Amino acid sequence: MSENEATTTDETAEDAGVAENDAPAKMELKVEIKDIGPCKKHVHVIVPRKDIDDVHDAAVSELVGNAQVPGFRPGRVPRDLIQKRFRKELGDQVREKLLMESLEQISEEHELDAINEPNLNIENIEVPEEGDFEYEFDVEVRPEFDLPEYNGLKIDKPVREITDEDVEAYQLQFLSQHGELETHKGPAEKGQYVEASFSFTHKDEVLGRFNHQTVQLKPTLGFHDAELEGFDELMEGVSADDSREAEVTISSEAANVDLRGETVQVTIKVHEVKTLNLPELDKEFLGSIGVDSEEDLQKQIREMLERQAKFDERQAARTQVLEKITESANWELPESLVMRQVDNALRREILEMQQAGFTQSEIRARENELRQNAVTTTRQALKEHFVLDRIAVKEEIETQPVDVDMEIAMMAMQQGENPRRLRARLEKSGMIENLTAQIRERKAIEFVLSTAEFNEIPSEADRENDIEAVDFAVCGAGTPSEESATDDDAESDDE
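Residue numbers (this note's numbering): 741 to 1235.
Treat the hints with care, as some may be off.
[To be verified] Label-pair distances were calculated between CB atoms; the ranges are:
| # | residue 1 | residue 2 | range |
| --- | --- | --- | --- |
| 1 | Pro1019 | Gly926 | 57 to 63 Å |
| 2 | Gln1140 | Gly926 | 57 to 63 Å |
| 3 | Asn856 | Asn806 | 33 to 39 Å |
| 4 | Asp1206 | Asp904 | 19 to 25 Å |
| 5 | Ala1164 | Glu1046 | 26 to 32 Å |
| 6 | Leu860 | Asp1143 | 57 to 63 Å |
[To be verified] The calculated lysine-lysine pairs, modelled on DSBU-like cross-linking and capped at a C-alpha distance of 30 Å, are:
| # | residue 1 | residue 2 |
| --- | --- | --- |
| 7 | Lys894 | Lys1064 |
| 8 | Lys894 | Lys930 |
| 9 | Lys766 | Lys780 |
| 10 | Lys958 | Lys925 |
| 11 | Lys1168 | Lys1183 |
| 12 | Lys781 | Lys1009 |
| 13 | Lys766 | Lys824 |
| 14 | Lys930 | Lys1009 |
| 15 | Lys1050 | Lys1123 |
| 16 | Lys943 | Lys1050 |
| 17 | Lys781 | Lys824 |
Calculated from the structure, these hints are not laboratory results. Because the structure is a prediction, the values reported are computed rather than measured. Heads up, the beta-carbon is just placed ideally off N, CA and C, and yes, glycines get one too.
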């Protein structure tokens, strides 16, 4: 062996030794793990005195080399003085290092696949001066289950052709968004609008008031937590100053637990009946919406409806895939996890509808429907997430940064928004993580669909939107509640 080779070999061995010495030595932990509920573990940890002393000595040595103490040069401060002068700092440092290293070791050795951080209150944990260090915590973990068969599934695929009638119906709906409301002097007819105030009462207790809300007379009026069926028939023929009364049943999954399933009285006082004047399809209006002619508008509507049809096809196929792969998912989830994810699941559904180009009124109607079944929907969505996540891991499916960039660019184009501004808004609202997870799950579903057998079934479009959705809850929580309080105060002052 040459001198150079010997030197290289010695250096390599020395580097390996340094790397080995740098790696933290494993502690002699005593760990007891118990199941305390669905996907929930209780962990009791004992860190022996020897490991505590080792961490403490290392922390003191580090302070000896760095501490600035009057009368001593750095590195020359006596250890006893360091321990006395920096008692609190040393205690905090030792505690944090013991917790961090022991938690990492527990995760590696016991394969705790945690969903979130352990619920440790570090400030209330103290390392004793003598004896072992004990601590305990609860943690939510991913469910354990056997992955179902997901190759070669048989899927019914609804297929529909966009007709001229579909285009005309949507054009009318589109023009309605740009129309102007004006007072109608006669009695209200179905499809017209009323400006009205709503009052909700349960057992003589007023739950909430929402003043001067403009709503269209459709068959169903949808709230966050209830639906009023036959709304158009109830309100047909009303004039200004008329009142109507009805009853609604609160959703079994409403935010207000005490009122779930209860009957609530609704009083509707009409202030004004309105009719909607649609805009003329002249050059000025067409130019304002970015098209040159009515034919151009109809072409864009047809393309958008075709995107929605594809969305419906994908959703139908996706629903069947999820039903099939979660048939055996009879494991329970912690209620605390489900409740934390309710709003998250709602945001993801809205995001998907925005990506497909649905109107705000359609999204709002779907949002209210989801809110009324939020807990059940979220529990199922979480089970789907865990199964799809396992499939993604097994098939090595990941979301790349370019996937997120392309998704944001497409959403921005559909919404007529600047991509950078949309990204900033998504980041601010915490939706980027949702989007990333959504893309990964979509890729997993697409993988499953790539091996599926399809049976095409003709499908027709839903041409009538029978639900008028409002952005407030019967039980008193909703966007207009603050406005109504202001209105009530003003009325009281006038009296």
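Against the structure shown, which of the earlier numbered hints fail to hold, in ascending order? Checked against the structure, the hints that fail are numbers 1, 6, 8, 12, 16 and 17, while the rest are satisfied.
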